[in-house]
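Novice: What follows is the residue order along each chain.
Number of protein chains: 2
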Amino acid sequence: MVDIQKTSNSKIDKVNFDDLVFGQVFTDHMMECDYRDGKWQKPVIKPYGPLSLDPSAKVLHYGQAVFEGMKAYKDKDENIWLFRPDENFKRINRSSKRLAIPEFPEDYFFESLNALLKLDSEWIQKGFGNSLYIRPFVIATEKGVSASPAKEYKFMIICSPAQAYYSGEVRVKFSEDYSRAADGGVGFAKAAGNYGAQFFPTNIAKEEGFQQIVWTDANAHEFLEEAGTMNIFFRIGDKLVTAPISDRILDGVTRKSVLQLADEYNIETEVRRVTVKEIVEAAKKGELKEMFGSGTATVINPISGFGYKGEKYELPKLEDSYARFFKDKLMKIQYNEAEDKFGWRYKVK
Amino acid sequence: MVDIQKTSNSKIDKVNFDDLVFGQVFTDHMMECDYRDGKWQKPVIKPYGPLSLDPSAKVLHYGQAVFEGMKAYKDKDENIWLFRPDENFKRINRSSKRLAIPEFPEDYFFESLNALLKLDSEWIQKGFGNSLYIRPFVIATEKGVSASPAKEYKFMIICSPAQAYYSGEVRVKFSEDYSRAADGGVGFAKAAGNYGAQFFPTNIAKEEGFQQIVWTDANAHEFLEEAGTMNIFFRIGDKLVTAPISDRILDGVTRKSVLQLADEYNIETEVRRVTVKEIVEAAKKGELKEMFGSGTATVINPISGFGYKGEKYELPKLEDSYARFFKDKLMKIQYNEAEDKFGWRYKVK
Chain D
1 MVDIQKTSNS
11 KIDKVNFDDL
21 VFGQVFTDHM
31 MECDYRDGKW
41 QKPVIKPYGP
51 LSLDPSAKVL
61 HYGQAVFEGM
71 KAYKDKDENI
81 WLFRPDENFK
91 RINRSSKRLA
101 IPEFPEDYFF
111 ESLNALLKLD
121 SEWIQKGFGN
131 SLYIRPFVIA
141 TEKGVSASPA
151 KEYKFMIICS
161 PAQAYYSGEV
171 RVKFSEDYSR
181 AADGGVGFAK
191 AAGNYGAQFF
201 PTNIAKEEGF
211 QQIVWTDANA
221 HEFLEEAGTM
231 NIFFRIGDKL
241 VTAPISDRIL
251 DGVTRKSVLQ
261 LADEYNIETE
271 VRRVTVKEIV
281 EAAKKGELKE
291 MFGSGTATVI
301 NPISGFGYKG
311 EKYELPKLED
321 SYARFFKDKL
331 MKIQYNEAED
341 KFGWRYKVK
Chain U
1 MVDIQKTSNS
11 KIDKVNFDDL
21 VFGQVFTDHM
31 MECDYRDGKW
41 QKPVIKPYGP
51 LSLDPSAKVL
61 HYGQAVFEGM
71 KAYKDKDENI
81 WLFRPDENFK
91 RINRSSKRLA
101 IPEFPEDYFF
111 ESLNALLKLD
121 SEWIQKGFGN
131 SLYIRPFVIA
141 TEKGVSASPA
151 KEYKFMIICS
161 PAQAYYSGEV
171 RVKFSEDYSR
181 AADGGVGFAK
191 AAGNYGAQFF
201 PTNIAKEEGF
211 QQIVWTDANA
221 HEFLEEAGTM
231 NIFFRIGDKL
241 VTAPISDRIL
251 DGVTRKSVLQ
261 LADEYNIETE
271 VRRVTVKEIV
281 EAAKKGELKE
291 MFGSGTATVI
301 NPISGFGYKG
311 EKYELPKLED
321 SYARFFKDKL
331 MKIQYNEAED
341 KFGWRYKVK
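Read top to bottom, the protein sequences are chains D and U.
The first sequence stops at residue 349 when you use full-length UniProt numbering, and every number in between is there.
The second sequence stops at residue 349 when you use full-length UniProt numbering, and every number in between is there.
Just so you know, these hints were derived from the structure itself, not from any lab.
One or more hints might be untrue.
Repeated chains share a single entry, so a pair holds when one copy, or any two copies, can fit it.
Claimed, not checked - Below, simulated BS3-like cross-link-like pairs (lysine-lysine); rule was C-alpha separation at most 30 Å, straight line:
1) Lys97 <-> Lys312
2) Lys90 <-> Lys6
3) Lys206 <-> Lys143
4) Lys151 <-> Lys14
5) Lys118 <-> Lys347
Using the sequences plus the hints, can you model the full thing?
Specialist: Right, here's the structure in full:
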């Protein structure tokens, strides 16, 4: 079903897999599938290369664009695994629907993804922490500067080899003025416009010594929501607390996996709205033991402190960190080194 | 200062200027200016044609993109005029700043815009209502799928000939669930992502018999804000009411010109938050005489009715319509047929 055009000129020998910057190097091939005349055409796998777009293409003017982030892992026996790819597939279609983009067929997605990963399988390095970051995305390609949904789109998959991700000490700022999403808006979708909108406030936070922002509700900045590229967990005492998903908060695959693992290992969880006030108070009393982010790129990202209203709060360094516990459990499942009780692993074939 | 590469192959003879679909046909040339190595390079005017973008270009993934809409008008003596272009120039830089895009130099903007309009001046048709729609825009072109501001951009100007715009009877729906913008968000900016996010709710409204949505505040949907491509005015009795600009509402050039003209012609105005409740009540009592939208593409767009909570409200057809009054006043200034008391006209040279 997939049309495959192989490159005669692999770039793989020029890549230093021990010195990769995240998301900069791409594999030899990419998947491209056009939507026109009211339907998705045949997916094509072809050499990675530039796109030709009309300067009036709607993606450039009206942000009609969504994406996903996934990873492929190679185990010791050279098997290639994905982690809950059905969740990413369903989510890109939920995102597409909200952006008035036609949904993509499930068989096109999985057949072309399997074919692409097999073709570029040498780009997936073995070793705990190494992976291939997979970026499916959809863009509106139809030309024309009238503000209306496009009739032509491209669904694409590009892949970038990634090393174990150490982001250093991460401190976050709780947002006091700026917002990421509105009730009734597109915050739950992986819509392109949600990301560009965060860069300016994040630059300000960086100047103040933070690496990321934890977004709060736009109404009163009372509730802690998500970090834009990660969902956020709080450990108060030994209880794990995180905000419920909503139309403002992304339904993170790693987030929901952490919640299931917590249940499995009898860690008490609460999925409820989390106030800035209670976290600040818990930090002051020493009851806030941990914060961490969850997301595909980083898996689990420990947070060493936060800032709010000019005050900085440092978190303790724990021996029995939940962040480390979940990261280890998740990665062992992802790399086929532990039992897959929940049926999360998907074997590329 | 501008590098000009003329086409040897004009398309103008193939264009039927009496049968134009808005935003579909583009002139022979376009302006392109690259940002790299920390600065804007020399603007280039060259034949209109496709862009080559890496599939990982940040505009396609993170919506780092802003635009403007302007028009050029040709008077009876073949002079070409713009309407308050300084406002568009300042606004694209305000939008850019919020999207973490480097601001564009004023002299680059005006010199290249003048040169482009002179080169493609035959594309601007005389006749009241005919114009050239001008679309300046900026996109993040740097490759890489990490969610951070790009270091490379393109500032472009493309132009599309437009006829007098008759959009038919426009009925609007007051939004009850969906939202366009959050406090502390990017609603005030002409950010690409603000537009794609409106398409799905607008499709639903269209199925219900409305052409556009008037967005309400995301918190409680109590206040009427803007229509996504137009600011909105209400005439209650003989008073003209419109919402104040905010971080959710675009500072429309036509909107502010209407307010200035109203002052000039002793029409009472109120710039204040407008509740859905008062407009519904005014409509029921027959006190809501008119509603209209203002924006560059349409100038003034009369609204013949609105819908809210399943009820439809029709507005009277007036002899002494404010919409018609302001449209006539504005267009006569734009086409150099009336005195330009406020210094709004800008002559292309």
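Novice: Which hint numbers doesn't this structure obey?
Specialist: none
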